[in-house]
Every structure is written in structure tokens, then in C-alpha cells.
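Colleague: Go ahead and model the full structure; you've got the sequences and the hints to work with.
Chains A and B, in that order, give the protein sequences. Under the numbering used here, the first residue of the first sequence is numbered 1022, with each subsequent residue one higher. Under the numbering used here, the first residue of the second sequence is numbered 73, with each subsequent residue one higher.
Since the hints were made in silico from the structure, they are not lab data. Keep in mind that this is a model prediction, so the values were computed, not measured. Backbone N, C-alpha and C define an ideal beta-carbon position, used for all residues, glycine too. Treat the hints loosely; a few may be bogus.
With beta-carbon atoms standing in for the labels, derived distance ranges [unchecked claim]: (1) B:280 / A:1222: 43 to 53 Å; (2) B:476 / A:1313: 14 to 24 Å; (3) A:1279 / B:296: 54 to 64 Å; (4) B:296 / A:1104: 35 to 45 Å.
If the Cβ cut is set under 7 Å, some of the chain B residues that face chain A in the computed set are [what the hints assert, rightly or not]: (5) 222; (6) 236; (7) 249; (8) 250; (9) 254; (10) 275; (11) 279; (12) 282; (13) 284; (14) 285; (15) 288; (16) 291; (17) 405; (18) 409; (19) 410.
So the chains spell out like this:
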Amino acid sequence: MSFSWNLRGLIFCLGLLLLSCHICAVSPAQSALAGATGVNTVLYTDWQRENLMSIPRADDATFLRRVRLDLTGRAPSVEEIEQFCGDESPNKREALIRRLLDSEEYADMMAMRYAELFRVKSEFPINLWPNAVQLYHRYLREVALQDKPLRDVAYEMLTASGSNFRVAPANYFRAVADRTPEGLAKATLMTWLGIRLEKMPAGSVEKLSPFFSRIGKKSTAEWKEEIIYTEPGEGILTATAPDGTRYSIDTAKEDPRVVFANWLREDKELQCSKAWVNRAWYWMLGVPLSGDSPDDMPIPTKWGGPSSGKLPELNEKLLTTLAKDFHATGGKMKELLATICLCDAYQADWKTAPVLQEKAEKHFAVYPVHRIEAEVVVDLLADLTGHHEQYRSVIPEPFTILPEGTRAIEITDGSISSATLDAFGRPPRDSGAASERNNAVTGSQRLYLMNSGILYKDLEKLAKQQLSKSNKKVEELIDACYLQVLSRRATEEEVELIKAYTRELPKNDRRRAVAIDLLWSLVNSKEFLYHH
Amino acid sequence: MKHILACLLFGISALAFCGGTTSSVKPAKSIIEIWVWGGPSQIDTFDPKPAAPKEYNGGYKAISTNVPGIEISEFLPKLAKHADKFSIIRSMTHGTNAHETATYLMQTGRWPGGGVTFPAIGAVIAMEKSKDYHGTLPPYIALVINKGRFSENGFLPECYRPLATGGNPTAARFQVDGFVSPGNLSPERIAGRRNLMEQLDRMGHEAPGIRVLQEFDAAGKDAYAVMEGEDVKAFDLTLEPPEMRDRYGRNFLGQAMLIARRLVQAGVPYITINCPGWDSHKKHFETMKQKTAEMDQAFAALLEDLSEKGLLDSTLVWWSGEFGRSPKIDWQEPWLGGRNHHGKVFSTVVAGAGFKGGLVVGESDEFASAPVKRPVTPANLLWSLYELAGVDPSKPLPNPKGLDVPILPLEGEQGKLIELYRDPNYKP
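Modeller: What follows is the structure, encoded as C-alpha cells:
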């Protein structure tokens, strides 16, 4: 009796052990780590050849701020910085990445990126209307949060039928400015394959658009509601996929959209996977692997793409290595992002010797410095001062007023913006092209950061708070300001500079003056405005 | 504001097509756009219908002007004394009653669609004038808010986006947020703090080799040029005599109009005054009484002032909404005397630069519901504005997508306002 129980217990324990091993073997962190090792092998081969192996990894504080901003659009809290920098466990970066990817904050940030690609906007030139905007945005946020494989998302969107107010993915076909079969083909090629149809060989439009020629739309009694459906047809329709595969579709029995969706699912050339890898790389490192623009993936030669204009060998290898893993997961974005964040191109310091800098950037041996996205800059300032602007729509009526405290990255609707967001180049979500986002630094942005009366009042308030918290030494004040604004401690040299500055200030107002002037200087620093 | 290099190159390539002219008419240096946002009633402004039944004209009359034969609404008595300075187009038409589409049409001369957003006239003028404009203020300024992205710079670079000044022109001291140092600090403190900021520039010091960071420093130079330049004083209405401020009217519109005149003096190529509140669906006449009184005083003062200062010949002024309002008054609940959107016919006013004053173009029917003579499209109107500003609207519009498109659809030329040109042969 007891023996058999023990035996069963033993078997159960063994089973558990096996099961947990099994979980370990496929657990995301593990496979992402393996993926990163694969990527690092590619990188090291290149770096060894180019003599770029000596560039160190970014320090903990820099890494924390970097990955926090990239994955969640937020800066780390002071407690988080202290906890992370004091943590001595060897895999703390990996654990951090995993924790951030599983957060609601990550879903907010990714939903913004998806909403940009999928053109979530209520009016002009996309006409989703606020009802559909809410539905579509919630769907995309769920995709991010649950890490729904993008292969399934593609299938859902491309084959969706029903009301755009009820069936979220049906908005895929509504959220396009040009809704002709040609326009839908163009949008699909851009969204799912990262290619501009104009760059494909002549005749591609005519070959591809029949897949989208049977999409019916009918309106309902509900204002701006639309039912998407497949018009039943008669006879054979000929359509050709981008790789040249010709399909004869019996329209009485088959939906051409399903035929295309199945073709895309297979992703034989990994073009779809590569397009997502390219975007993920661009989101994390600020530069795409595809060259100048994330919207222009090279077209495979088998598809009639030009043989010239190929990518550098390193870029091509990185794309392929990451795309293979991504494809194997069915398109799990969290996996891909974890892999990228764990690899040494992402972990590297942002600077090296001036003579090497340009070359190192080209070979991903340093983390490329790039300006922080409009929404994230605005949120950073709002978090810092505790003052969030209230967002509301200008069009269409009836106006949408977002709840107080809504973050800029949480804005569901591309039609809702603000003067500050516009000044920092928030994309209008018209076409789904990444190039709509303007990350240039302009004079008006600097004027805003230096002189905006509203921002300055907020900073004065913050200065007061800092003073009441650290009422002892000036060093403490300096430290508090640096941690809050730049997520790091001040260097000794910086402390000395600020102390010297303090001595120049009028005695009666010294503490208040140095607090505000320091906060102002840090908000106006490159370090604040750039991912690094 | 000096533009970043990219914009400069863009502007130069855009200017490569400019031609010369020998006409006595000189192209306008500046354009003031008075945007009557929401759609002003044509009947209650520049196309009165005193003979129509009361359900159309509300019982309001027409008055004569200083130009024999031209009558305008009794709501505009001050403008009636300056009818020789402006001309009225009473047959503007595009037929759409949606704000956004109509605005886009009036600003770009094109119907929306095709997946690209074209730049509004202000942005194109700003770009075209960039060669001759050396002021430190942005070349396209909106008082005080923008109309929305679809009527801004479209696919042109950021530097041609209208700068919305924000602020309240009736405030004791009108200021553009961001253009002046906040906090009432002494110049020494401001300089000292700037110095501190530069000393603490760790990224700049540690990695001078990073090219993207140079953009930050260049943008800083632009910003300081604005703050430290003379042009920024154009916004300071305390520099105007109080009588002048009274003349324009001590209200939002009047003071905004006065700022616009000061910006013209500073050489700013394009200024738009976005006048809100004309979308009078409900209680139309109550709104109109207040709105037209302010508009009448401010617009009349602007024309008189520009003329007195000798600026009207070099300044083009246009007044329009995105459409007009429905001729028949709706007295039902909840409108209680409202007028709805009306794109079939409406009135636009032009003045200054190469335009003749004291004329009327086109005609609407007895109720001001449809054009009956010489319909004028948005592209026709814009064609004339561009030409008299010295810009050939048929020249290619440089764009990053490599599209082969002219500034305006070429059919806009057929039907341009040639009868209003002081020199009918004038070509940019």
C-alpha cells in the first residue's frame, strides 16, 4: 500500500520534473536567450573582422533606462533604478526584459506601434469613426498583451467579415485611404511584407489586386457602420501572389482573400517574418536593418526584385537569423523583442572612440543614439511633473474627450493630437508608413523645452518638491534631480560644476534657484531627448 | 526662423523653377488669410438678398457701399466704407458640406484621396518665399491655433508647418509660448543658466563623433535666433499706440488682425487668422450680430491701416470660410433660427497686391443657394492667389514620394480670377 503510494508519488514527482523541464525547454526566456546567442554569433563574426570587439556593454543604469523606454515608453522609477543597479544576480537583465514584456505598460506601448501600422484613426483620410477606433485599438492592444502570433492576426484580418463596429479585425479593410482592390493590395503589401507595391515589377498591381476584388461593403442604419463581406461570384478568377504563384480561384466556392491569407501564412521566403523583424529592430534600436527606411524592405530576387541594392551582409544575416526564429514561433512579438534586447547590438554602449563611432554604428557595435518618439517625450515630461495634458478630438463631432491622466502613448485615435505632439513629429497614421513619424529635432521643439511657460511652471513645482524632500545638502538635491530626469546619478565632475554654478547665484535665493536651473538644464539636455 | 539644412535644400530645389516678370504689378510679399472658420453665411455678409422672403434673409437688409452698385449686408457698415479696396466673389462653389473635406479643398485646391495629404497654400507660399525671406520667425504663422493637420504642411517638410502662436491676443501682454524666456529672470541669470546647460552636455562632450546629435545643436541655434532676434517684437502689442488697438477692436479678432499687420511688417510671408465660431447651426442671428460686428471693425481697420501704411500693394488679403450657410433659416427645435452648411455657393473676398478693388465676380440665384453666373472653384481662387503672390501654380510640387504633381491641378487655371487682376497679363 505504502509502497505503491510511494511509487505513484515518485512517478508523479518525476512527471512534474519532466513537465517542468519541458516548460523550461520551451519557456520564452530560454528560447529568446538561445536566439540572442545565435544573433551574437553573427555579430561577433562581423565585429572580429572589423576590429570592433572591444566596445563594452552599456552600464546598468543606462541599460535600464534604454529598455524601459523602448518596451514601455516610461522611464524607470528611482526605486527601480536603485533596486536594479544593486541586484547582483547574473541574469537580471533577462529577468527585467521578461518582466517588462509581461507588463500592461508594454501593451500600451506596442498598441501605439501597431495602431500606427494599422492606421487606427477616426477621420481623414482614414474614416474609421470613433466607435471602430476603440474596437480596433482594443484588439491591437490585446494582440500585444497576449502576444497573439502575428501569423494568426494576419489571417484574422485578411479574412474578416462582419460589422466594423463589432468585428475588430474587419477594420483592416476599412482603415485604408484608397479602398479600391489596388489600394487594398498596396496596403497589404506594405503592412505584411514591408514592400511598396510601386517598387515591385511592372504589372504586379494587376496581378495582386484580384485577391481583393470580391470584398463587399454595405452600410447599415447605424451611422458609419459598415459590413465587410465576400461577394459570392461565378467563374474563375486568376490572381498571382508576389512570388509569382498563380492561383485559379473558383469564386463560387472559394474566397480569394482566404487564398491570399493562406499564401501569406506559409511565408516561404520569410518575407513577412523579415518585415516584422525589421520593424522590431527599428523600434528597439531606432534604425531598421533594411537600410534607410523601415518601409522599404528589399524585394527578393525570386519575386523580380532588382539584383542590385542588396543589403550589407551583416544586415542580411541578422534579418534571416531572427526571421527564422520568428517564423518558428508563428510570429510571437514578445519573443522577438526579448531576443533583440538580449543580443549585444542592443546591450552595447552608445559611444566609442570618435574615429570608430561611424563604423561601429554601421556594424551595430554601438547602440545607435536616436531621438525619443513624440508621445514618449511628452509622457516623460508629464510623468516628471505630474501634469498630463488632457487629450480631445477636434474632428469628428461628437468630440471624444479622453480621461484625465491618459498618456500620449495611450491615445487610441490618430485624429486626436496636441500642438506639442505635432511639434515633436507624431505620425498622422494616414498610410501605415513608418516614415510618417518625424524624429528630427527642430528649433520649435527646443523653444518648447527651453521656454514653454506651462512646462516651466510645472518644473518650478517639481523643484519645490525636490527641495522639500532633500533639505540637507546640495549634493542630495543634485542626485535627486539626476535620478528623476536622467535615471542615473550625477558624476563627480557634474556635481562640481553645479556647485560652482550655485556659488554664483544670489545668496538669498540660492537653493530654489539651483533646483529649478538644474532641472531646466537636464530637461534641455541631449541625454533627456535621445534614446541612448 | 532659419530652417534646418534639409529644408533649405528643399526650398532651393523648389525655387529653381522661378521665372521673372516685367509687369508693373509686383508679387505680394505677404499674404493674410482671414479664415472664417465654420462657414460664414453669404447672405448675412457679402451676398445679401434683400428681395428674398424673410425665411431667407431673416428680415435683414442690404446697405450701399462706397462703390456705386455694390451692396453688402447691413451687418457690415464699416466695411461698406472700404468696398473700393476689396472685391467680392459671390459664386464660389465646390458642393461639399463636410467641414474637413471643404477645408482641404479650399486650402489645397484638391479633393482628398490617393493616400497623400497635399500642403495647404500657406505652406507652399512659405516654401516658395524661403529664398527671399530672412526673418527669424517661422514663414507661416497661425493666430492662434491651427486648423488641423489636413490643412497644414501635408507632405512638405516640418519647417513649413504653420506655427500656431497660442496665447490670447486680448491679454495685457500677448506672448507666444516658447519664444521668450519664462520666469522673469535677469539676463545674467538666463545667460548663466544657458552656460550651465552647455557645460552639463555630457553626451555632446563624450561623443562628439555622433552625427545625429549635431541636429540638436543646429536646432538650438535656430531657437536662440528667434529668442534673441528683433522680429519677435512683432507679437508685442504694447508697442502699438492704444488708439490703434482700439481701432481694430479690443477683442480676440481685432487684436489678432493687428498682430497680423505687425507680422506683415516683419516680412512674414504667410499669416492666417483662424477665426472660430462661425458654425452657426443654432441661433444663427444671435451669433452673427456679435461675430459680424467684430469682423466688420477688424477687417475694415486692417484694410484702412494697410492702405495708410502703403502696405496694401504688397500684401494680399483673402477672406473665406470652407463654405457658406444654407439660405433657408431653420426655425425648428433645436436650431431656433439656424443655418446649416452650404458648399454649393458662398462668398469669398480678396484685396490688395495685384487684385483690383471695388468689383464683384459671379452671381448667385435669388436665394443665394446656387451660382448662376461664373462659378469659381477653390482651384480657380487659389490659382489667382498663387499667381499674385508670384508663384506659378503649374510648377511641380517637390515631394518626398517622387510624385509628379503640380502645385494645383492644371484645370484650375481655366477660370482664374483674371477680371480682378490689375494687370491681366501678369504672370509670375
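Colleague: If a hint holds in the structure, say so; if it does not, say that too.
Modeller: Checked hints:
1. B:280 / A:1222: 43 to 53 Å: holds, 45 Å
2. B:476 / A:1313: 14 to 24 Å: Once the Cβ atoms are compared, 22 Å apart, the range 14 to 24 Å for residue 1313 (chain A) and residue 476 (chain B) holds.
3. A:1279 / B:296: 54 to 64 Å: holds, 60 Å
4. B:296 / A:1104: 35 to 45 Å: holds, 41 Å
5. 222: It holds, given that the least Cβ distance between residue 222 (chain B) and chain A is near 5 Å, below 7 Å.
6. 236: Constraint on residue 236 (chain B) satisfied, holds at 6 Å.
7. 249: holds, 5 Å
8. 250: With a minimum Cβ separation of about 4 Å from chain A (threshold 7 Å), the hint on residue 250 (chain B) holds.
9. 254: This hint holds: residue 254 (chain B) lies near chain A, its Cβ roughly 4 Å from the closest one there, short of 7 Å.
10. 275: This interface hint holds because 4 Å falls under the 7 Å limit.
11. 279: With a closest approach of 4 Å, the residue 279 (chain B) hint holds.
12. 282: holds, 5 Å
13. 284: holds, 6 Å
14. 285: OK, holds: residue 285 (chain B) within 7 Å of chain A, min 6 Å.
15. 288: For residue 288 (chain B), the interface hint holds, since the closest Cβ of chain A sits about 5 Å away, which is under 7 Å.
16. 291: holds, 5 Å
17. 405: violated, 19 Å
18. 409: At 20 Å from the nearest chain A Cβ, residue 409 (chain B) fails the 7 Å test, so the hint is violated.
19. 410: Where the cut-off is 7 Å and the nearest Cβ of chain A is about 15 Å from residue 410 (chain B), the hint is violated.
Violated hints for the displayed structure, listed by number in ascending order: 17, 18 and 19.
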